[in-house]
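Engineer: Produce the entire structure from the sequences given, and follow the hints as far as they go.
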Amino acid sequence: MKLIITITKITFSEYLAYRMNFILWRFRNFLYLFFYYNFWTAVYTYQKQVGNYNKQEIFFYFIMSFVITDIVFSSKLFKLASYINSGVLNQYLLYPVSVFKLMTVEEVVDKTFNTFFSLIEILLFIYLFKIEVFLKIDFYYIAVFILSLFCALVLYYFISLCISLLGFWTNSVWAPRFLTFILINSLSGSFFPLDILPKSVFELINALPFSVLVYLPIQILQGKVSLDFALVKISIAFVWVILFFFLSLFMWKKGLKSYTALGV
Amino acid sequence: MIKEISFYFKIWLSFAQKSFAKSFYNRVSSILFLIGKIVRGIVAFTFFFSIFSRLTVNVSGYGLKEIILYFLIYNILVSLSDFLFREVYEFRAKVVSGDLDLVLTKPISPLFNCLLTGADPLDLLIVLLLIIAMIVFLLLNFSVSLSMFLLFIICFVLAMLIQTAFYISVMAFGIIFLEVDHIIGIYRDIQFLAEVPIRFYKSFFQFVLTYIVPVGIAVAVPVEVLIGLFNLKNILVFSFVSLFYFMLSLYFWNYALKKYSSASS
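These protein sequence lines are chains A and B, in that order. For the first sequence, our numbering puts the final residue at 321, and the numbers step up evenly by one. For the second sequence, our numbering puts the final residue at 1123, and the numbers step up evenly by one.
FYI, nobody ran anything at the bench for these hints, they're computed from the structure. This structure is a prediction, so every number in the text was calculated from the model and none was measured. Backbone N, C-alpha and C fix where the C-beta goes; we use that ideal spot for every residue, glycine too. Hints are supplied without guarantee of correctness; some may be wrong.
One-sided and incomplete, this derived list gives chain A residues near chain B with beta-carbon spacing under 10 angstroms [what the hints assert, rightly or not]:
| hint | residue |
| --- | --- |
| 1 | Asn78 |
| 2 | Arg85 |
| 3 | Phe92 |
| 4 | Gly108 |
| 5 | Phe196 |
| 6 | Ala200 |
| 7 | Ile253 |
Covered by chain B, according to a simulated footprint, are these stretches of chain A (three or more residues, beta-carbon under 8 angstroms) [claimed, not checked]:
| hint | region |
| --- | --- |
| 8 | 129-140 |
| 9 | 168-179 |
| 10 | 254-260 |
Every beta carbon over 10 angstroms from chain B, so not counted as near; a handful from chain A, in silico [claimed, not checked]:
| hint | residue |
| --- | --- |
| 11 | Leu81 |
| 12 | Trp82 |
| 13 | Leu88 |
| 14 | Val107 |
| 15 | Phe225 |
| 16 | Ser229 |
| 17 | Asn242 |
| 18 | Thr317 |
Structural biologist: Listed below in structure tokens is the structure:
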């Protein structure tokens, strides 16, 4: 518990150290909502339905994608690669707390902050723009939604970890990180519902693990998929989680053997 | 004047060669970076195509063909800016570390040095691919006279002036507030709105994208010259807006330089 409180304090003071940076970051998030609202409003001026979505459903989708993206994709794991490259990892290896425990707590604290601010922004946005949100309140759907969100969080954590661990073998982790970022952002449904794409493209994207990160949780919450289908998708996603878990474990063990603490 | 341009062009070439050599040295990274950009472009295109191919109405002269052309020109403008002004992304680090001092003492313009010395060859490759795609698409679907094409080139240069003004303003902002990344991010978000023609939006937003953050008009006017939707008034307003913002950004840059405290050096 002490560790969590300490990291929370550090994270908070990090945010406050560059206040303008923090303000602009949150302001940008709010603008993002405003822009998407205007974009979709313009689109629905000329058509009543885009794919399976009417105007209200698309608003709900982009609001939820905003929240889920902030929760799932906020991560500090990218720092691990620079720790490896610069030799700072040595300090972490000498700490009485395991590096993964430390980074996982950092992740949780960071995600909690993000979720807190996202919710404030969303509520403010819904209030200001008078957006009607219709939520399918069904216990089973909510439970499966939480399960899918948890699965998305864990999957993203291990994907991100694997990319950072590449730092053991290369100084240019930014390139695979950029590619992963693009793939995840474009193919997870964080910008738009994937099923408005042509069917063949949608099926191709849906076969990849990325759609589980944003698209699936929202589909469940909107009641657009059956519970059985959702559970199958979540089970497949857990297989991906296990794969990435073992891959990261393998990379960590192999990486530590070749680690020379270059830069210290 | 010509001598000075030639001098700076030589310096630019020298820096570009170094950037290119760096990219070729990190071949795997460069390929991954390129794949990422291409994937992003394809997904964005498929998304817009999915939305606009379903449109049954012609929006203020824009049908599917016009929107595809608009999309291509928008991406040329953005990628060309990325190609030329990549160095701006390093600017905050220079200010925070105090390395800007080293730039200020060099016998070349600090604005040129901070703005134009990081040309990115991968973006150049994307620009070239997009230009080829645009020319092929234009030849297959539109009939454009030579005079209209020349007018398009002039408008495109003015659009680049707006992009330049933005990047100069970002650096000036960076000197005063030590913040660059989020400002670029906000601008990129606004640019996203300009990925579809401003005629799609309500009049308030059209006004914002024309006069306040003129990224909308920067893409719209060159495209509308090619598809025959332009009028003289629009071009005059566009010329005025781009020159005004460019001059304003230079003023802002000079103002910010006077405020630079060289705190970390």
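Engineer: If a hint holds in the structure, say so; if it doesn't, say that too.
Structural biologist: We went through each hint and held it up to the structure:
1. Asn78: holds (5 angstroms)
2. Arg85: holds (5 angstroms)
3. Phe92: holds (5 angstroms)
4. Gly108: holds (7 angstroms)
5. Phe196: At 34 angstroms from the nearest chain B Cβ, Phe196 of chain A fails the 10 angstroms test, so the hint is violated.
6. Ala200: With a closest approach of 32 angstroms, the Ala200 of chain A hint is violated.
7. Ile253: holds (5 angstroms)
8. 129-140: Result for this restraint: violated, n = 0.
9. 168-179: violated (count 0)
10. 254-260: holds (count 3)
11. Leu81: violated (4 angstroms)
12. Trp82: Non-interface label on Trp82 of chain A violated, nearest chain B Cβ at 6 angstroms vs cutoff 10 angstroms.
13. Leu88: violated (6 angstroms)
14. Val107: violated (6 angstroms)
15. Phe225: Holds, because the least Cβ-Cβ distance between Phe225 of chain A and chain B comes to about 16 angstroms, which exceeds 10 angstroms.
16. Ser229: violated (4 angstroms)
17. Asn242: violated (8 angstroms)
18. Thr317: holds (21 angstroms)
The structure fails hints 5, 6, 8, 9, 11, 12, 13, 14, 16 and 17 (numbered hints given earlier, in ascending order).
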